[in-house]
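Visitor: Can you build the whole structure from these sequences, using the hints too?
2 protein chains.
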Amino acid sequence: MKPTLEIFSQGEEIVCGQIADTNAAWLSQQAVQLGFLVSRHTAVGDKLNDLVGLLKEISGRADCCLCTGGLGPTTDDLTAQAVAEAFDLPLEFDELAFAQIQDFFTRRQRIMPDSNRKQALLPKGAQRLDNALGTAPGFSVQAGRCWFAFMPGVPSEMRHLFAERILPTINKRFALAADRLITLKTMGIGESAIQELLRPIALPEGVAIGYRASLGEVQIKLLFPHGYPEQLLNLLTDAVASPLGDKVFAIDDSSTARCSDLVGVIDELMKRHQLRLAVLETVSRGCLGSLCLTVDWLLSSAYYQAVASGATVCDGRETMQHLAADLLASGADCALVQAFTDSQESFADRGQSTGISIYLLAPDTSHLAQHRLSGPPAHKQQQAALLSLDLLRRYLQGCLD
Amino acid sequence: MKPTLEIFSQGEEIVCGQIADTNAAWLSQQAVQLGFLVSRHTAVGDKLNDLVGLLKEISGRADCCLCTGGLGPTTDDLTAQAVAEAFDLPLEFDELAFAQIQDFFTRRQRIMPDSNRKQALLPKGAQRLDNALGTAPGFSVQAGRCWFAFMPGVPSEMRHLFAERILPTINKRFALAADRLITLKTMGIGESAIQELLRPIALPEGVAIGYRASLGEVQIKLLFPHGYPEQLLNLLTDAVASPLGDKVFAIDDSSTARCSDLVGVIDELMKRHQLRLAVLETVSRGCLGSLCLTVDWLLSSAYYQAVASGATVCDGRETMQHLAADLLASGADCALVQAFTDSQESFADRGQSTGISIYLLAPDTSHLAQHRLSGPPAHKQQQAALLSLDLLRRYLQGCLD
Numbered sequence: 004m005k006p007t008l009e010i011f012s013q014g015e016e017i018v019c020g021q022i023a024d025t026n027a028a029w030l031s032q033q034a035v036q037l038g039f040l041v042s043r044h045t046a047v048g049d050k051l052n053d054l055v056g057l058l059k060e061i062s063g064r065a066d067c068c069l070c071t072g073g074l075g076p077t078t079d080d081l082t083a084q085a086v087a088e089a090f091d092l093p094l095e096f097d098e099l100a101f102a103q104i105q106d107f108f109t110r111r112q113r114i115m116p117d118s119n120r121k122q123a124l125l126p127k128g129a130q131r132l133d134n135a136l137g138t139a140p141g142f143s144v145q146a147g148r149c150w151f152a153f154m155p156g157v158p159s160e161m162r163h164l165f166a167e168r169i170l171p172t173i174n175k176r177f178a179l180a181a182d183r184l185i186t187l188k189t190m191g192i193g194e195s196a197i198q199e200l201l202r203p204i205a206l207p208e209g210v211a212i213g214y215r216a217s218l219g220e221v222q223i224k225l226l227f228p229h230g231y232p233e234q235l236l237n238l239l240t241d242a243v244a245s246p247l248g249d250k251v252f253a254i255d256d257s258s259t260a261r262c263s264d265l266v267g268v269i270d271e272l273m274k275r276h277q278l279r280l281a282v283l284e285t286v287s288r289g290c291l292g293s294l295c296l297t298v299d300w301l302l303s304s305a306y307y308q309a310v311a312s313g314a315t316v317c318d319g320r321e322t323m324q325h326l327a328a329d330l331l332a333s334g335a336d337c338a339l340v341q342a343f344t345d346s347q348e349s350f351a352d353r354g355q356s357t358g359i360s361i362y363l364l365a366p367d368t369s370h371l372a373q374h375r376l377s378g379p380p381a382h383k384q385q386q387a388a389l390l391s392l393d394l395l396r397r398y399l400q401g402c403l404d
Numbered sequence: 004m005k006p007t008l009e010i011f012s013q014g015e016e017i018v019c020g021q022i023a024d025t026n027a028a029w030l031s032q033q034a035v036q037l038g039f040l041v042s043r044h045t046a047v048g049d050k051l052n053d054l055v056g057l058l059k060e061i062s063g064r065a066d067c068c069l070c071t072g073g074l075g076p077t078t079d080d081l082t083a084q085a086v087a088e089a090f091d092l093p094l095e096f097d098e099l100a101f102a103q104i105q106d107f108f109t110r111r112q113r114i115m116p117d118s119n120r121k122q123a124l125l126p127k128g129a130q131r132l133d134n135a136l137g138t139a140p141g142f143s144v145q146a147g148r149c150w151f152a153f154m155p156g157v158p159s160e161m162r163h164l165f166a167e168r169i170l171p172t173i174n175k176r177f178a179l180a181a182d183r184l185i186t187l188k189t190m191g192i193g194e195s196a197i198q199e200l201l202r203p204i205a206l207p208e209g210v211a212i213g214y215r216a217s218l219g220e221v222q223i224k225l226l227f228p229h230g231y232p233e234q235l236l237n238l239l240t241d242a243v244a245s246p247l248g249d250k251v252f253a254i255d256d257s258s259t260a261r262c263s264d265l266v267g268v269i270d271e272l273m274k275r276h277q278l279r280l281a282v283l284e285t286v287s288r289g290c291l292g293s294l295c296l297t298v299d300w301l302l303s304s305a306y307y308q309a310v311a312s313g314a315t316v317c318d319g320r321e322t323m324q325h326l327a328a329d330l331l332a333s334g335a336d337c338a339l340v341q342a343f344t345d346s347q348e349s350f351a352d353r354g355q356s357t358g359i360s361i362y363l364l365a366p367d368t369s370h371l372a373q374h375r376l377s378g379p380p381a382h383k384q385q386q387a388a389l390l391s392l393d394l395l396r397r398y399l400q401g402c403l404d
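Chains as they are written, first to last, in the working numbering: chain A, 4 to 404; chain B, 4 to 404.
In short, the hints are calculated from the structure, not lab data.
Owing to the predicted nature of the structure, the values given are computational and were not obtained by experimental measurement.
Beta carbons: idealized from backbone N, C-alpha and C, even for Gly.
A couple of the hints might just be wrong.
Computed cross-link-like contacts, DSBU-like style, restricted to lysine-lysine with a CA-CA straight-line distance of at most 30 Å [what the hints assert, rightly or not]: (1) Lys175(A) with Lys50(B); (2) Lys50(B) with Lys188(A); (3) Lys59(A) with Lys5(B); (4) Lys250(B) with Lys224(B).
Listed below are several chain A residues computed to face chain B (Cβ distance under 7 Å; list not exhaustive) [unchecked claim]: (5) Pro6; (6) Thr7; (7) Val18; (8) Cys19; (9) Ala23; (10) Gln32; (11) Val41; (12) Arg43; (13) Ala46; (14) Val47; (15) Tyr306; (16) Tyr307; (17) Gln308; (18) Ala311; (19) Gln384.
Now the stretches of chain B that chain A is said to cover, found in silico as 3 or more residues with beta-carbon under 8 Å [claimed, not checked]: (20) 31-44; (21) 47-61; (22) 197-208; (23) 372-385.
Guide: If you want it as C-alpha cells, here you go:
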C-alpha cells in the first residue's frame with residue numbers, strides 16, 4: 004500500500020480565486036512521482052478556526068501533508084498559530100530562525116520591520132526548515148499519523164525548500180516505491196485519432212494509459228508499476244510509438260526526470276546540423292520567435308501586415324517560395340514562411356476555423372504543409388507557431404523524404 | 004452575514020497535479036463578486052468513498068457548493084453516484100437528458116457509444132442543467148443546508164453552464180449584496196514602491212486594500228462594502244491613483260465588469276489617433292507582436308539576430324534613432340526600437356539582471372527609456388514587451404511631454 008498524501012494551501016488569494024493554486028499541482032506531481040497516493044487538496048483562507056479544524060482532520064487521515072502559505076509576517080498569516088492550537092504545541096521563539104531573518108534584511112541593507120519577528124515563532128518540537136530565499140522559515144511536525152511539512156506560498160521559495168529540505172526527509176521517513184511514467188509527446192495529430200490508432204494494443208495487467216492534450220501537443224502517458232521488467236516496458240512503449248510514426252517528437256521517462264519540449268528537441272538538432280533559421284510569421288505574429296527565446300540559430304523572425312494582407316500570398320506555393328528564398332539571402336540555411344489560405348477574417352472569430360499554409364525551404368528540400376486552425380485567436384496563433392516548428396522538426400529528423 | 008460557498012473539484016488529473024485547478028479559481032472569482040464568502044476549495048480523485056464523505060461534510064457546513072468534474076461517460080466519473088449515496092437520492096433515468104445526449108451525437112454524425120447512456124442517470128429530485136456544449140448535463144440538488152450545482156470539468160462547458168443555467172438560479176435562491184472592487188492597474192513601478200507611496204493614505208473603516216503583482220504589472224485592489232457611498236468611493240480612488248501618476252494605465256470597477264489590459268488600452272488610443280506602429284523586437288523577440296494579436300495598427304514587428312548582437316546597437320540613442328527612422332519608412336507613424344545596453348549573456352541567466360533601452364519615435368516627439376530586467380529569460384522577454392508597449396501608452400496619453 005502506498006502512503007497517502009494530502010496538499011493543504013492557505014491563502015485568501017487562492018480561496019477567492021485571485022490566483023490558481025499552481026503550488027498544489029506542482030507538489031502533487033512531485034508526490035505522485037515519488038510514489039505517494041495523493042488523495043486530496045484543500046485550500047482555506049485566513050480563518051483560524053478553519054485552519055485548526057482542517058489540520059486536525061488531516062492528522063487523522065493522511066500519512067503525509069504538504070502545506071503552503073500562511074508563514075508571512077502579517078496578521079493574516081496564521082499557520083504556526085493554527086498548528087500550535089490544533090496539536091497543543093505552544094509557540095516558542097526560535098533564536099536561530101530570528102538570527103536568519105535579521106541576516107536576510109542585513110544582507111539587503113534594509114531594516115527589519117518589527118512584524119517579521121513573528122516568523123521566528125515555531126510550534127514546540129517543530130523541526131525548522133531554513134529558507135535560503137526568503138524571510139519565512141518552513142517547519143515540520145509529526146501529529147497523529149501524519150507528518151506535516153509547512154512551506155512558504157511564494158512558488159520559487161516553496162520549490163527550493165521542497166528540493167533542499169523536505170525531499171531528503173521524505174526519503175528517510177517513508178518507504179516509497181515509485182511507479183514509472185513513460186510519456187510520448189506528439190504534435191500534429193488529435194487525441195481521438197491517437198486513441199483510434201492505439202485501440203488494437205492490449206494493455207498488460209497493471210499498466211495504465213492516459214492522455215493529455217494541450218494546444219497542438221497530445222501526450223500519451225504509460226504508467227508502469229514499480230519494478231516492471233525493463234524489456235516488457237520497452238516493448239510496450241515501442242508498440243505504442245510505432246503506429247504514431249513521425250508524430251512522436253519525444254519520449255520522456257520519469258526514471259531519468261528528463262522533460263522534453265518541441266523547441267528543446269529542435270534546438271539539439273539545429274546545433275548538431277549547424278543550421279540557421281529565418282521565419283516569416285504571417286500567422287503566428289511573433290509567437291514562434293517568442294518560443295525560441297534562448298536559441299542562437301534563429302537569425303530572424305518577422306511579421307509584416309503588408310505581406311499578411313497581400314492577396315499574392317494566397318496565390319500559393321510560388322509566392323511562398325519567393326519569400327522563403329528572400330529569407331535565405333540573410334544567411335539562413337532554412338526558412339519557414341506562413342500564409343493564410345482563405346479569408347483572414349476567420350482568424351479573429353473563435354467560432355470559425357482558418358486555413359493556413361506553411362512552407363519550409365531547406366538546403367536539400369522544400370515542403371508545403373496545410374492545416375486548419377481553430378479556437379480563439381491566441382490558440383490559432385500558438386498552433387501556427389507549433390505546427391511551423393514541427394515541420395522543421397520533421398525535416399531535421401529526416402521524416403519529410 | 005454573507006452566505007458561505009465552497010468549491011469542490013473531482014478528478015485524478017487535478018489531485019495528481021497534471022493540471023492546476025483553474026476552474027476553482029474562476030468560480031471563486033465569480034462567487035466573490037456575487038457577494039458570497041468563499042470558505043474552502045477541495046479536490047479529490049475518483050474514490051467513491053472520498054466523494055460521498057466529502058459531499059456529506061459540505062452539506063452540513065456551506066450554503067452553496069459549486070462542483071466540477073466527474074460527469075463524463077467513463078467508469079471513473081462517479082459524481083452522480085456519489086450524490087445518490089451521500090443524500091439517499093437513488094439514480095433515475097432522465098429521458099430528456101438521454102434524448103439530448105443522443106442528439107449531440109446525431110448532429111455530429113457520430114454513433115453514440117453505449118457508455119454515454121450513463122450520463123442520463125441523475126439523482127432523484129435533482130434539477131437537470133442542460134449543457135449545450137457537451138454530452139454531460141449538469142444538475143443541482145439541495146442537501147442539508149447546502150445547494151449543490153454540479154458542472155462538467157471542461158472549462159468552456161463549465162463556464163457556459165455557469166453563466167446560462169446556474170447564475171440565474173443563484174440570483175433567485177440567495178439574497179446577495181456584492182462588495183464593490185476597484186482595481187488600479189499600474190505598469191513600470193514595483194509593489195513595494197507603491198506601498199511606500201500609499202503609506203500616508205488612511206483607509207476608512209470597512210475598506211480593504213490588496214496588491215497583486217504579475218510580470219511588470221502591479222494591481223491595487225480597493226474593496227468597498229456593498230452600498231458604500233459613491234462620492235467617498237471616488238475620493239478614495241483618486242487619493243490612491245494620484246501619487247502613482249502616469250504609472251496607472253487603467254482603473255476597473257467590478258460594478259461595470261469592465262476588465263482592461265494594456266494592449267486594450269493602447270488599441271483604443273491608436274484607433275482614436277489613427278496611428279500605425281512598427282517595432283524592432285531585439286529584446287522581446289516576438290513577444291510584443293504576439294501580444295498585439297488582433298489589432299490592425301501593427302504594421303510590422305521583427306527580430307534580427309544581427310541587430311541584437313551588433314555592437315553598434317549599444318552605441319546608444321543615435322543608432323536607435325536611425326533604426327526607428329528606417330521603420331517609419333514602411334508607412335508607420337510610430338516606431339519602437341529595443342536594444343541591450345550591456346552584455347546579452349546576462350539575458351539567459353536568471354540570476355543576473357539585464358539593462359535595456361527602448362526608443363520611441365512618434366510624429367511629434369521621441370523618447371528614450373532605460374530599464375533593468377530580472378528573472379528567468381521568459382520573464383525578461385515579457386517585461387521588455389510590456390515596458391515597450393507602456394512607453395507607447397504613456398505617449399498616447401500625453402504623459403511624455
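Visitor: Hint by hint, say whether it matches the structure.
Guide: A quick look at each hint next to the structure:
1. Distance check on the hinted pair: Lys175(A) and Lys50(B) sit about 29 Å apart at the alpha-carbon level, within 30 Å; holds.
2. With a C-alpha separation of about 29 Å, the suggested pairing of Lys50(B) with Lys188(A) holds against the 30 Å cut-off.
3. Note on Lys59(A) and Lys5(B): the hinted pairing holds, with a Cα-Cα distance of about 26 Å set against a maximum of 30 Å.
4. In summary, the hint linking Lys250(B) to Lys224(B) is supported, as the alpha carbons are separated by about 15 Å, within the 30 Å threshold.
5. Among the interface hints, the one on Pro6(A) is violated; its C-beta lies about 15 Å from the nearest C-beta in chain B, farther than the 7 Å criterion.
6. Look at Thr7(A): its Cβ only gets to about 10 Å from chain B, farther than 7 Å, so that hint breaks.
7. Taking 7 Å as the C-beta contact cut-off toward chain B, the hint placing Val18(A) at the interface holds, the least distance being around 5 Å.
8. Here the hint on Cys19(A) is kept, as its CB sits about 5 Å from the closest CB of chain B, short of 7 Å.
9. Interface hint status for Ala23(A): upheld, as the beta-carbon distance to the closest one in chain B is roughly 4 Å, under 7 Å.
10. Annotation: interface hint on Gln32(A) holds; nearest CB of chain B at approximately 4 Å, less than 7 Å.
11. For Val41(A), the interface hint holds, the least distance from its beta-carbon to any beta-carbon of chain B being 5 Å, beneath 7 Å.
12. A distance limit of 7 Å between C-beta atoms decides the matter here; for Arg43(A) the minimum to chain B is near 5 Å, and the interface restraint holds.
13. Given hint, Ala46(A) at the interface with chain B, holds; its Cβ is 4 Å from that chain's nearest Cβ, closer than 7 Å.
14. With a least beta-carbon distance of about 5 Å to chain B, the hint placing Val47(A) at the interface is held under the 7 Å criterion.
15. Residue-level restraint check for Tyr306(A) holds (minimum Cβ-Cβ distance to chain B is 5 Å; threshold 7 Å).
16. Given hint, Tyr307(A) at the interface with chain B, holds; its Cβ is 5 Å from that chain's nearest Cβ, closer than 7 Å.
17. Hint on Gln308(A) holds. Least Cβ distance to chain B is approximately 5 Å, under the 7 Å limit.
18. A hinted interface residue such as Ala311(A) counts as satisfied when its beta carbon comes closer than 7 Å to some beta carbon of chain B; here the least separation is about 10 Å, so the hint is violated.
19. Annotation: Gln384(A) was flagged as interfacial toward chain B, and the flag holds, the nearest CB pair being 6 Å apart, inside 7 Å.
20. For the segment 31-44 of chain B, the stated coverage by chain A holds: 9 residues have a C-beta nearer than 8 Å to a C-beta of that chain, and at least 3 were required.
21. Under the rule that three or more residues need a Cβ within less than 8 Å of chain A, the assignment of the segment 47-61 of chain B holds, with 4 such residues.
22. Look at the segment 197-208 of chain B against chain A: 0 of its residues bring a Cβ nearer than 8 Å to a Cβ of that chain, fewer than three, so the hint is violated.
23. Counting residues of the segment 372-385 of chain B whose beta carbon lies closer than 8 Å to any beta carbon of chain A gives 3, which reaches the threshold of three, so the coverage claim holds.
Of the numbered hints stated above, those contradicted by the structure are hints 5, 6, 18 and 22, listed in ascending order.
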